[in-house]
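For reference, the chains in residue letters:
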Amino acid sequence: MTTPIAHGDGSGADGASAPLPPAFAQVVEDFQALAGRDRLQLLLEFADGLPDLPERYADHPELLEPVPECQTPIFLITEVDGEGEQAPMRLFFSAPPEAPTTRGFAGILAEGLEGLTVGEVLAVPADVTETLGLAEVVSPLRLRGMGAMLGRIKRQLGEKAGI
Amino acid sequence: MALPADPAPELQEYAHPEKLVTTDWLAEHLGEDGLVVVESDEDVLLYETGHIPGAVKIDWHLDLNDPVTRDYVDGEGFAQVMSRAGITADTTIVVYGDKSNWWAAYALWVFELFGHADVRLLDGGRALWEAEGRELTREAPSPAATEYPVLERDDSTARAFREDVLAFLGGQLVDVRSPQEYSGERLHMPDYPQEGAVRGGHIPGASSVPWAKAAREDGRFHRRADLESVYQKEQGLDPAEPVIAYCRIGERSSHSWFALKYLLGFEDVKNYDGSWTEWGNSVRVPVVTGTEPGEVPSA
Numbered sequence: 001m002t003t004p005i006a007h008g009d010g011s012g013a014d015g016a017s018a019p020l021p022p023a024f025a026q027v028v029e030d031f032q033a034l035a036g037r038d039r040l041q042l043l044l045e046f047a048d049g050l051p052d053l054p055e056r057y058a059d060h061p062e063l064l065e066p067v068p069e070c071q072t073p074i075f076l077i078t079e080v081d082g083e084g085e086q087a088p089m090r091l092f093f094s095a096p097p098e099a100p101t102t103r104g105f106a107g108i109l110a111e112g113l114e115g116l117t118v119g120e121v122l123a124v125p126a127d128v129t130e131t132l133g134l135a136e137v138v139s140p141l142r143l144r145g146m147g148a149m150l151g152r153i154k155r156q157l158g159e160k161a162g163i
Numbered sequence: 001m002a003l004p005a006d007p008a009p010e011l012q013e014y015a016h017p018e019k020l021v022t023t024d025w026l027a028e029h030l031g032e033d034g035l036v037v038v039e040s041d042e043d044v045l046l047y048e049t050g051h052i053p054g055a056v057k058i059d060w061h062l063d064l065n066d067p068v069t070r071d072y073v074d075g076e077g078f079a080q081v082m083s084r085a086g087i088t089a090d091t092t093i094v095v096y097g098d099k100s101n102w103w104a105a106y107a108l109w110v111f112e113l114f115g116h117a118d119v120r121l122l123d124g125g126r127a128l129w130e131a132e133g134r135e136l137t138r139e140a141p142s143p144a145a146t147e148y149p150v151l152e153r154d155d156s157t158a159r160a161f162r163e164d165v166l167a168f169l170g171g172q173l174v175d176v177r178s179p180q181e182y183s184g185e186r187l188h189m190p191d192y193p194q195e196g197a198v199r200g201g202h203i204p205g206a207s208s209v210p211w212a213k214a215a216r217e218d219g220r221f222h223r224r225a226d227l228e229s230v231y232q233k234e235q236g237l238d239p240a241e242p243v244i245a246y247c248r249i250g251e252r253s254s255h256s257w258f259a260l261k262y263l264l265g266f267e268d269v270k271n272y273d274g275s276w277t278e279w280g281n282s283v284r285v286p287v288v289t290g291t292e293p294g295e296v297p298s299a
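Residue numbers (UniProt numbering), protein chains in the order written: chain A, 1 to 163; chain B, 1 to 299.
Bound conformation, chain A alone:
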């Protein structure tokens, strides 16, 4: 369970991609420090801690974008203040309590990306979801959903920030 998780494409270009934002790096470190079963417990904490939607979205679910790549429906929306890479952004997620894995993925992204600018989120490597050591406890197939969420976040941010 303590096998290091390979980053990137394994071509030996370790460290070539942009460093992770500090909050995300901390989340990765927390997961990596745990053995398999405890990683699942940490994921549960993220699921439990996913903030509720603010009222302006809770009353308007149609404003949220569905992520059909996740096994259970999750909805997300981004807010961008201004334009360009320096623009601050915020993320909001909605997933039902009976979908804790998906809620946990959302909780990780919410915490790991909080307070970043659009450009900083766009620079997060797409394979960051594989660095958490979750594939062996939730299965690679299920983990794909988190990558899809990150992809959709980046696409929304790019569009809204006019990049």
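Quick caveat, the hints were computed from the structure, so don't treat them as lab data.
Treat the hints with care, as some may be off.
[Claimed, not checked] Part of the chain B face toward chain A, derived, beta carbon under 8 angstroms:
(1) GLU48
(2) HIS61
(3) ASP98
(4) THR146
Glycine is no exception: its CB is placed at the ideal position from the N, C-alpha and C atoms.
Mind docking chain B on chain A? Use the hints.
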């Protein structure tokens, strides 16, 4: 020693009432020697959010599938899973789970491939237990490891492979996916990820009976008369003739397999677990699109 069957009157109309237990029965027998309750869900974290007291978790993907070959674990792997769960060959197992027991039925089906003698489903699954306000706990049991025999999996009676289905064309095939998957409009369940089939449609001659036709709103199976009306009257399926059910990866069809075999008493029911993620990717197998079963090619 197996536990006695649930005598609840509403179960007795089924062909094999001993394969189901009610939530009342389970609540009454929780903690008894010889009983192990197994939770098996689509969502791998759901058990951790709270489960029936004493229940152990067995995950279809992480525990029952071989991590390399697309197949189930072998006898040794299965013995290890059962041993960790505190199950012996004599244990009465009650399986329950989310999504109207899709994955619970799938686990039950795999347990039976290995010949485990007494496996039952909790009628209504996790949703009904919760809806009735019954106890859930986050406390995970730590069962003492048991000696479980290394059994050879029998793939000949309840499991069908692609070759079997090819040889079965013209027989009673039941496609339990959504109507849109059956017609070929979609390659995956509504709201679910595309899991990699390159062609859409169904196996020629297959009847379309979405899995949900076997389930009530609250997650329990339909009454026998309602099941008969769907499978036998509407679809004209003959309980004396063999049936093969399939879906996308074999989980929804395990639910229908259970209903046909144990609730309606069909004599020979197999689950084609390769299902559409195999058939829809196979070269030169016949596929029919649209809402009709279609022409069965002559051999």
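Against the structure, the hints:
At about 5 angstroms, the closest approach between the beta carbon of GLU48/B and any beta carbon in chain A falls short of 8 angstroms, and the interface hint on this residue holds. Evaluation of the HIS61/B hint against chain A yields a held restraint, the C-beta minimum of about 4 angstroms falling below 8 angstroms. At a threshold of 8 angstroms, the smallest CB-CB gap from ASP98/B to chain A is about 7 angstroms, leaving the interface hint in force. For THR146/B, the interface hint is violated, since its Cβ never comes within 8 angstroms of a Cβ in chain A; the closest pair sits about 20 angstroms apart.
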